[in-house]
Each structure stands twice: as C-alpha cells, then as structure tokens.
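Q: The primary structure of each chain is shown beneath.
There are 2 protein chains.
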Amino acid sequence: MEIKTYLSERKQIVDQALQEMMLTPEGPFADHIEAMRYSLFVGGKRVRPILCLAAAEAVGVADQQADLLPVACALECIHTYSLIHDDLPAMDDDDLRRGKPTNHTIFGEAAAILAGDGLLTWAFDLLSDTTQGNIPAETRLAIIKKIATASGPLGMVGGQALDIATENSEYPFSTLQTIHRHKTGALITCSVEVGALGAGASNRQLQQLKTFGDNIGLAFQIVDDLLDETSTTEQLGKAAGADASRGKATYPAYFGIEQTRVKAKEATDRAVQALEEFDHRADPLRSLAEYIFTRSY
Amino acid sequence: MEIKTYLSERKQIVDQALQEMMLTPEGPFADHIEAMRYSLFVGGKRVRPILCLAAAEAVGVADQQADLLPVACALECIHTYSLIHDDLPAMDDDDLRRGKPTNHTIFGEAAAILAGDGLLTWAFDLLSDTTQGNIPAETRLAIIKKIATASGPLGMVGGQALDIATENSEYPFSTLQTIHRHKTGALITCSVEVGALGAGASNRQLQQLKTFGDNIGLAFQIVDDLLDETSTTEQLGKAAGADASRGKATYPAYFGIEQTRVKAKEATDRAVQALEEFDHRADPLRSLAEYIFTRSY
Numbered sequence: 001m002e003i004k005t006y007l008s009e010r011k012q013i014v015d016q017a018l019q020e021m022m023l024t025p026e027g028p029f030a031d032h033i034e035a036m037r038y039s040l041f042v043g044g045k046r047v048r049p050i051l052c053l054a055a056a057e058a059v060g061v062a063d064q065q066a067d068l069l070p071v072a073c074a075l076e077c078i079h080t081y082s083l084i085h086d087d088l089p090a091m092d093d094d095d096l097r098r099g100k101p102t103n104h105t106i107f108g109e110a111a112a113i114l115a116g117d118g119l120l121t122w123a124f125d126l127l128s129d130t131t132q133g134n135i136p137a138e139t140r141l142a143i144i145k146k147i148a149t150a151s152g153p154l155g156m157v158g159g160q161a162l163d164i165a166t167e168n169s170e171y172p173f174s175t176l177q178t179i180h181r182h183k184t185g186a187l188i189t190c191s192v193e194v195g196a197l198g199a200g201a202s203n204r205q206l207q208q209l210k211t212f213g214d215n216i217g218l219a220f221q222i223v224d225d226l227l228d229e230t231s232t233t234e235q236l237g238k239a240a241g242a243d244a245s246r247g248k249a250t251y252p253a254y255f256g257i258e259q260t261r262v263k264a265k266e267a268t269d270r271a272v273q274a275l276e277e278f279d280h281r282a283d284p285l286r287s288l289a290e291y292i293f294t295r296s297y
Numbered sequence: 298m299e300i301k302t303y304l305s306e307r308k309q310i311v312d313q314a315l316q317e318m319m320l321t322p323e324g325p326f327a328d329h330i331e332a333m334r335y336s337l338f339v340g341g342k343r344v345r346p347i348l349c350l351a352a353a354e355a356v357g358v359a360d361q362q363a364d365l366l367p368v369a370c371a372l373e374c375i376h377t378y379s380l381i382h383d384d385l386p387a388m389d390d391d392d393l394r395r396g397k398p399t400n401h402t403i404f405g406e407a408a409a410i411l412a413g414d415g416l417l418t419w420a421f422d423l424l425s426d427t428t429q430g431n432i433p434a435e436t437r438l439a440i441i442k443k444i445a446t447a448s449g450p451l452g453m454v455g456g457q458a459l460d461i462a463t464e465n466s467e468y469p470f471s472t473l474q475t476i477h478r479h480k481t482g483a484l485i486t487c488s489v490e491v492g493a494l495g496a497g498a499s500n501r502q503l504q505q506l507k508t509f510g511d512n513i514g515l516a517f518q519i520v521d522d523l524l525d526e527t528s529t530t531e532q533l534g535k536a537a538g539a540d541a542s543r544g545k546a547t548y549p550a551y552f553g554i555e556q557t558r559v560k561a562k563e564a565t566d567r568a569v570q571a572l573e574e575f576d577h578r579a580d581p582l583r584s585l586a587e588y589i590f591t592r593s594y
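First to last, the sequence lines map onto chains U and C. With our numbering applied, the first sequence corresponds to residues 1 to 297, in that order. With our numbering applied, the second sequence corresponds to residues 298 to 594, in that order.
No wet-lab data here; the hints were simulated from the structure. Treat the hints with caution; some may be incorrect.
[Unchecked claim] Partner residues are not named here, just some residues of chain C that face chain U (Cβ under 10 Å, in silico):
1. S448
2. Q532
3. A536
4. A537
[As the list claims (entries may be wrong)] With a cut-off of at most 27 Å between alpha-carbon atoms, the simulated DSS-like pairs for lysine-lysine come out as follows:
5. K301/C with K145/U
6. K443/C with K145/U
7. K248/U with K263/U
[Claimed, not checked] Heads up, incomplete: computed chain U residues facing chain C, CB under 7 Å, no partners named:
8. I13
9. A17
10. P25
11. A30
12. G118
13. W122
14. D125
15. A137
16. I164
17. L206
18. Q235
19. L236
20. G237
21. A240
22. V262
Every value quoted in this text rests on a predicted model; they were computed, and no experiment measured them. Backbone N, C-alpha and C fix where the C-beta goes; we use that ideal spot for every residue, glycine too.
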C-alpha cells in the first residue's frame, strides 16, 4: 500500500467532513467562530482522525467509517484546542505552529483562550449529536466517555499540567514517560480505541488495538522529541530546539539521538506486533505505524 | 416554603455529591487536580445544580433527583471553569472571586488555564459515565448535547467572546442582550432544561420550563448588573463597579437603577407565570425566581 496516497486521500475526507460539520462564521459570534476555524483549517496532518477511521477499517466494518466521521472530527477539534492553549504566552509562548502564526498572535490572547474553549466544547456537541453518524446510543456514550477521559485531568490536560510544572527542573525518566503518555499518548491511543469501539470491535480486538495505540503514541512522541532536536524550524513548521531551550526533558536528552531512534523503532515494532491477529484490513494501521517511525529520518 | 433553608439543604447535597464525585488530589497530577478543586470548593451558591434538581422536582419525579446529581455536578464544573477563565489576566483580570483569591493568583496563569480545561473536560466525563446515575442512554445523550450547546461557541463561550470583543466600545442594547443571553443565560436555562429532561418531562412541560429558565436567566443577569453598581466589593466577593470601570455596558447604564429593577421584576414575573400549569412541586422553582430577584435589594 502506498501510505502517502492513503494519507492524502484520508486527509481530504476528514478535511471535507470538518468543513461540512464545523460552524460557519456568521451571526453575532462570527469572530469567535473565525478564530476557531483558523486553527482548525490552518494545516495539520489529521493523524488522530485517520487513526480512528483506520482502526474501524481494521475491525472490518468499512461501511461504518462514514458514521465515525463526526467522532474523527471531534478528535481533531480537541487536538487543535490543545495546540491553541499550549501555544499561549502563559504556556509555551510559541509564535509558529503548522508553519503559520499561532492563534493568539492573530486574534489576541483572550480570543485564543476562548477559541480553544469553544473547540473543546464543540467537540462534545458533535459527539452527542445523534443526527451525526449512525451509532447506537450506548456505543456513543462509551466513545464520549473514552474521549473525555483521554483528554481530561487524568489524560492530556493532566500531562500538559505536569509538563508545564516540571519545566526547568530535573526529574527522573519515569516522569518524562508520564508526561508523554498523557500529554500526547492518551489522545492517540484513544483515537484508535474509539474507532474500534464505533465499529463494534470485540473485547480482544479492543485490547490489541489499545496496545497498538499505546505504542504508536509512544513512537510518535519519541519521534517528535527527535525532530525537535534534529530539524530546522522551517521543516517543523514550529520552533525547532524549543524543548531544550525551554528546559524540557526529552528522549534524546536521556538516551542520545541513536539510542532514541532505536527506542522509536522498538515501539513501532511492538505496535505492528499487536496487530498479528488482524488480516489485510489492518494494513493501513500497519503502514501508519511505519510512517510515524520514518518521520524520524 | 422557607427558601433559605431549602437553598442551604440543597447546597449541602450538591457539595457532598461534588466531594464524592470529584477527583482526589493524588498521583502524578495531584497539583492539577488541586487547582481544579480549589475553585470548585472555594464557595459558590450552586445555583445551576439546584435549578437542575428543582426542575426535576417540578416535573414530579422526586426519586430521579439522586440520578441527576452527576448532571448537577457537571453544570457546576462548567460554571466554575468559565469563572476561572473569565478571571484570567488576558480576560477580566480579576483577583477576587467568591470572596477569595482567583485561581491564577494562587496557581499561576498556565495552571489556571489548565484547571479550567480540566474542569470542562471532566464535566463531560461525568456526564457520559453510565455508572453515575440511572438515566436512559438516549436521555443522557440529549442532556450532554444540551449542555455542550449551551456552554459552547453558540452559547456561553460565544457570549464571553463577544463580551471581551466589545469592551470599551459603544453598542446597541440588542448586543448587550445577546451577550447576557449567551454568557450567563444559556447555562442557567440549560440547567432547568436538563433537570426536566432527566425527569422525563413532556414536551409541553419542557417548553414551559425553558421559558421559566430564559426569564430567570435574564433576571439573574439584570440583578448581577445592579449589584455590580450598588454593592461593595466585600458584599459581592468580587470587585464591585468592575463593569463600568472596564467600559462594559450594563442594564443600569441603559435604563438607570430604578427602571432596571422594574425590568428584573418583570422577568421574574414572567418566569413564575410560565409555571402556571405546574402544581406545588414547582414551589421551589417559584421561590428560586423570587430569591434571585430579591438579591437586588
């Protein structure tokens, strides 16, 4: 399978769904909606929505992928909100994201905070909208619960809070793992899980796909750490070397570049291994895992 | 009915439920959870949760009030998150709330933004947790949808965005109404509606309770405007006269104190009028409406 073609086709499907489902900038709150839309449509590889759809495909219910588009879009809204808030002056204070000015540099800090709040809340609006996608009520609730837990205080937000709180301090490797697993890993794993849930996966399939998700989440973050160290700002679309200059611990800081690459490869292998019992319909997931790893070169 | 006794009993029930349901400050994210808990437990009259429970009572299914406690708690989490973000330096820059230092003055700006994010996300976690409260799946989804819409870009967040964007500018009274209806009114109306929904209200009852909610939401905001003008900081527990000094339009600015009080009374009367077809079980709602109005004296 040609992964780049697959990714570009899927990205197009997700982008179109986002355009169709997202609020349009009109009425009294047009400026607020414009700020939300800016960050949602400024770029982004749509990794989480694509993982969600690919997980549904792996379970084998190709028809249900259209029903899962609202879930896929909600994941991207939550990811985008987290980027807007992470970039704020009070947090990482970044001017550049996805190669473009960050939300607050264009709309101001207050509007950016609210754009993030709006995207997060709107994600749950979309998820609970029973006119969007044919998903049984119990399954829909299970999906909402999983997404809320993965993005909440014991998931993504908690990880970000710990990341900010430990800046410029020395901490053991286990703390770095906790930050990574929650700040980045939780929503990635969750994207795979909710795709599988929505497609009616068995408990065994769910368990295997969770292992897959955990390991690509880890690989994704390790590669991100690597790229921050080895790329230029132009290549990244955001400030390179930002982790080190901010006194953040990273995999390369603990293990060096070469050993970090080995660890990314090991996580990728474990991810692919977890799909052993799946047939060719899991090929997109397998390719996605390899793709995430090869970004490190 | 002695409204003060009723309110204090209800507040106790809600406070206890919040204590039981809320995350405890332990594990790697203890500091983050501590910041969330600070604002949640620093005070607050629990108006929205109490409205939710009283609406369920009005519909007549007293037994279901316990099942609705998670919904009531979620409403308070969302309200609290909105206060934390409103108080941020980039927004209203307030040091005092509920008579205590605001979240960011204690935990710092980044942690306060994340405490708000955490509370908002956790509200949806609680709402979608099917082990919390016995509510049919379809009803639960309808409740989540209503809360997400009321607090999102076309509701509370939109209203706050418009409020911030129009500071220090002259605008027509209709804009003030739009801000009030969304920033404050939407979640208050929604609190009444989801209580009714959860208790299995008929469409007719829902419609009447929505009218009730719209009007007490309006009365609540008019009284808030009045209090900002006529009270001391000590009485309010937050900076008095803040609206005027911030160049925000208010009801008294348009109508003067006396006429504003008349408008608050009219809204209260319309609210009580909407309950005409309800029996004595709606007495708590009726008293709540009167209580909101009498705060203006």
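Q: Now tell me, hint by hint, if it's right for this structure.
A: Do the hints match the structure? See the list:
Hint status for S448/C relative to chain U: holds, with the closest Cβ pair at about 5 Å, below 10 Å. A distance limit of 10 Å between C-beta atoms decides the matter here; for Q532/C the minimum to chain U is near 28 Å, and the interface restraint is violated. The beta carbon of A536/C is not positioned within 10 Å of any beta carbon in chain U (closest approach about 18 Å), and the interface hint is therefore violated. Residue-level restraint check for A537/C is violated (minimum Cβ-Cβ distance to chain U is 22 Å; threshold 10 Å).
Restraint check for K301/C and K145/U: the C-alpha separation of about 37 Å exceeds 27 Å, so the hint is violated. Restraint check: the Cα-Cα separation between K443/C and K145/U comes to about 17 Å, which is no more than 27 Å; the hinted pair holds. Distance hint between K248/U and K263/U is fulfilled; the C-alpha atoms sit about 19 Å from each other, no more than 27 Å. The beta carbon of I13/U comes no nearer than 24 Å to any beta carbon in chain C, farther than 7 Å, and the hint placing it at the interface is violated.
Contact between A17/U and chain C, as hinted, is not supported at the beta carbon level, the nearest pair being about 18 Å apart and thus beyond 7 Å. A hinted interface residue such as P25/U counts as satisfied when its beta carbon comes closer than 7 Å to some beta carbon of chain C; here the least separation is about 10 Å, so the hint is violated. Given the 7 Å rule on beta carbons, the hint for A30/U is violated: about 10 Å separates it from the nearest Cβ of chain C. With a cut of 7 Å, the hint placing G118/U at the interface with chain C holds, because the nearest CB-to-CB distance is about 4 Å.
Interface restraint check: W122/U against chain C, minimum CB-CB distance 5 Å, threshold 7 Å, status holds. Checking D125/U against chain C: minimum C-beta separation of about 4 Å stays under 7 Å; hint holds. The restraint placing A137/U at the interface with chain C holds, with a minimum CB-CB distance near 4 Å, inside the 7 Å limit. With a least beta-carbon distance of about 5 Å to chain C, the hint placing I164/U at the interface is held under the 7 Å criterion.
With a least beta-carbon distance of about 17 Å to chain C, the hint placing L206/U at the interface is violated under the 7 Å criterion. Hint on Q235/U is violated. Least Cβ distance to chain C is approximately 28 Å, over the 7 Å limit. Because the closest C-beta pair between L236/U and chain C is about 23 Å apart, greater than 7 Å, the hint is violated. Evaluation of the G237/U hint against chain C yields a violated restraint, the C-beta minimum of about 23 Å exceeding 7 Å.
Given hint, A240/U at the interface with chain C, is violated; its Cβ is 22 Å from that chain's nearest Cβ, farther than 7 Å. Interface hint status for V262/U: violated, as the beta-carbon distance to the closest one in chain C is roughly 26 Å, over 7 Å.
Going through the hint list in order, the structure does not satisfy hints 2, 3, 4, 5, 8, 9, 10, 11, 17, 18, 19, 20, 21 and 22.
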